[in-house]
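Peer 1: Protein chains in written order, with this note's numbering: chain A, 1 to 475; chain B, 1 to 81.
Source of the hints: derived by calculation from the structure; they are not laboratory data.
Note that this is a predicted model, so its numbers are computed, not measured.
Treat the hints with caution; some may be incorrect.
Said to hold, decoys possible - Straight-line C-alpha distance at most 27 angstroms; calculated DSSO-like pairs for lysine-lysine: (1) A/Lys143 / B/Lys8; (2) A/Lys125 / B/Lys69; (3) B/Lys40 / A/Lys118; (4) B/Lys36 / A/Lys179; (5) B/Lys8 / A/Lys179; (6) B/Lys36 / A/Lys159; (7) A/Lys58 / B/Lys69; (8) B/Lys40 / A/Lys159; (9) B/Lys65 / A/Lys179; (10) A/Lys418 / A/Lys440; (11) B/Lys8 / A/Lys199.
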Amino acid sequence: MTSSVSRRLSKTQEARERMFDWSTALVASIPWIAVIGILAYFVKNPEKVEKWSSIIAKSISWAGSRWENASVAKDIQADINGFLRKTNTGKSSSVLPYRVKVSWVSSTSREAFVREGKVIVKMQKHQNQARNFLYALMEWTHKGLLPESRHLINDTVLKSVDFAFINKVLSETNRHDSKQLFLDEFYESEAPRGSLIEKYCTAFNKLDSMGIFTGVVLPEYSLLGQRVGSSLPTEEIRAETIGLATMLERLSRKVSGKDVSPNYLGKNIKCSIVLIAKVEKYFEQGLSPYLSFINKCCEQGFSSVYVAGIGTENILIVEQIKDAYERSKKLSFVWEKTQVLKNNESKVLFFRNSLENATSAYSDKTLRNRQRARQNLVGETHVEKETISNDAPISAETTREQGRELLIRATKAAQDEKGFVKGAALGVALRRLDPSFDPKSYGVSKLAEYIELYPDVLELQGRRTATDPTYKSKL
Amino acid sequence: MSTYYDIKAIHENNLAKVLEELGVLEALREGTIVCKFCGKKLTQENIQCMYPKNGEIAFCCDDLKCFQKALEDSGSEREDV
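Work out the full structure, taking the sequences as your base and the hints as a guide.
Peer 2: Here it is as structure tokens:
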């Protein structure tokens, strides 16, 4: 009896000891589990490593220049690369292909510096990091945003894209002090009130609040570089980049109930945006109006079709459109991008038109071929009514030709017997022929720039800065 | 794999040494180096960037507008039509 009790006691004690061993091991492993968890988090979020490195380096920056440099560089890298990671999700990386790295120059010879050909920027102590960050961001934007397309984009449009982008990065990285510097010391003088740059920047900023700036504007300008390839920039291409910006600016000012064409059809940029904004339309008519509009875009030869929706209900419609085209061989789904906005969420789908080369509203294809292509498209047979605005797309070529025709007529009216025309007389003639004449309609801000668009019509005599320049007619 | 864009930087603590190696420190102290864009006389305090241009070294001041012009001037990728 006694031995049975003592055996039971000893078994209980053994069990207790085993449990104690397990719990001791478990407690002992907690730090390791925590370390592994932290490591996994940092591997997944490399910019967090940089941010923490920067904080640690800053706290010991008194210990030497190595730590001071690290605190400045890592802080810049953490915020820019963190923004990049968030922005590039699900989208073509040709918009922003480069991460940023600050490399310190501690020694160089004149020959090496000239040979390397790179800008060297001075960075101040980490106490002046607001300024350091802004200089780094401006350089990264200039070299790293749309690198394949920058040389093709009109200067005014490119500056507007850059400024809107810089403003976006500063806002999203909570760099309020850098943003203040940017606005006070740069933006207000570079984009004065009423200027075209300010107009485009305001538009891009507004479109950004709908997820369209990084979802449509940047990818579409990026695609231009891929489409044009290594070709040299031409006036026509740059005029198209203005045309797209003009369409986007109009779209950004769209008010409910008023139709604004969401299309731009040029030779190189052929872009259409389907905005899903009213869920009531879907409840009344289903997907038909949207599918009908998209199908029409395919038929007309638009190469890029973006479908954008804001808010949970509209995003559900966007997803249904994606499903509708999943099996279509005519419209290929390329990517989707979900963005968390201030008070909402947005989703943009990007489709590439596979019929682009087969169908074009401006090509010589016969109606029969178009009808055949139409039959192959998804949902066309179910379309009952089209409600999205399908205004005639703005064509850069058409605008340019209208501008040329007007200039020719004004030149003929204003030139003297030797074919010389005074700038002021030309301006009067232009406005007499077209009272609504405004150089901005042709993507430029001044009369002189408008005239320069047509070097085959007029040639400047002397300097452009002259008070009343004289031109020689080439007609 | 990520591609990096390298921002070449000099810390202000190290600026004098690099300028000396480039052979421009004396001229900077004498006040003969000016911003390529606004013509402001440059010092170690207000110099912001430098870059090679046509075999020479171009300098720019810490005005953000001049810095933007320097970025445009340093790249020759844009060709006028």
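Peer 1: Decide, hint by hint, whether the structure agrees.
Peer 2: Cross-check of the supplied hints:
1. A/Lys143 / B/Lys8: Holds - the C-alpha atoms of B/Lys8 and A/Lys143 are around 13 angstroms apart, at most 27 angstroms.
2. A/Lys125 / B/Lys69: 24 angstroms, holds
3. B/Lys40 / A/Lys118: With a Cα-Cα distance of about 22 angstroms, the restraint between B/Lys40 and A/Lys118 holds, given a limit of 27 angstroms.
4. B/Lys36 / A/Lys179: 26 angstroms, holds
5. B/Lys8 / A/Lys179: Holds: B/Lys8 and A/Lys179 sit about 23 angstroms apart, inside 27 angstroms.
6. B/Lys36 / A/Lys159: The given pair, whose Cα atoms are some 21 angstroms apart, holds under the 27 angstroms limit.
7. A/Lys58 / B/Lys69: Violated, because 32 angstroms separates the two Cα atoms, which is more than 27 angstroms.
8. B/Lys40 / A/Lys159: 25 angstroms, holds
9. B/Lys65 / A/Lys179: Holds, because 15 angstroms separates the two Cα atoms, which is no more than 27 angstroms.
10. A/Lys418 / A/Lys440: Answer violated: A/Lys418 to A/Lys440 is near 30 angstroms, above 27 angstroms.
11. B/Lys8 / A/Lys199: Given that 27 angstroms is the threshold and the Cα spacing comes to 34 angstroms, the pair is violated.
The structure is inconsistent with the numbered hints 7, 10 and 11, although it conforms to all the rest.
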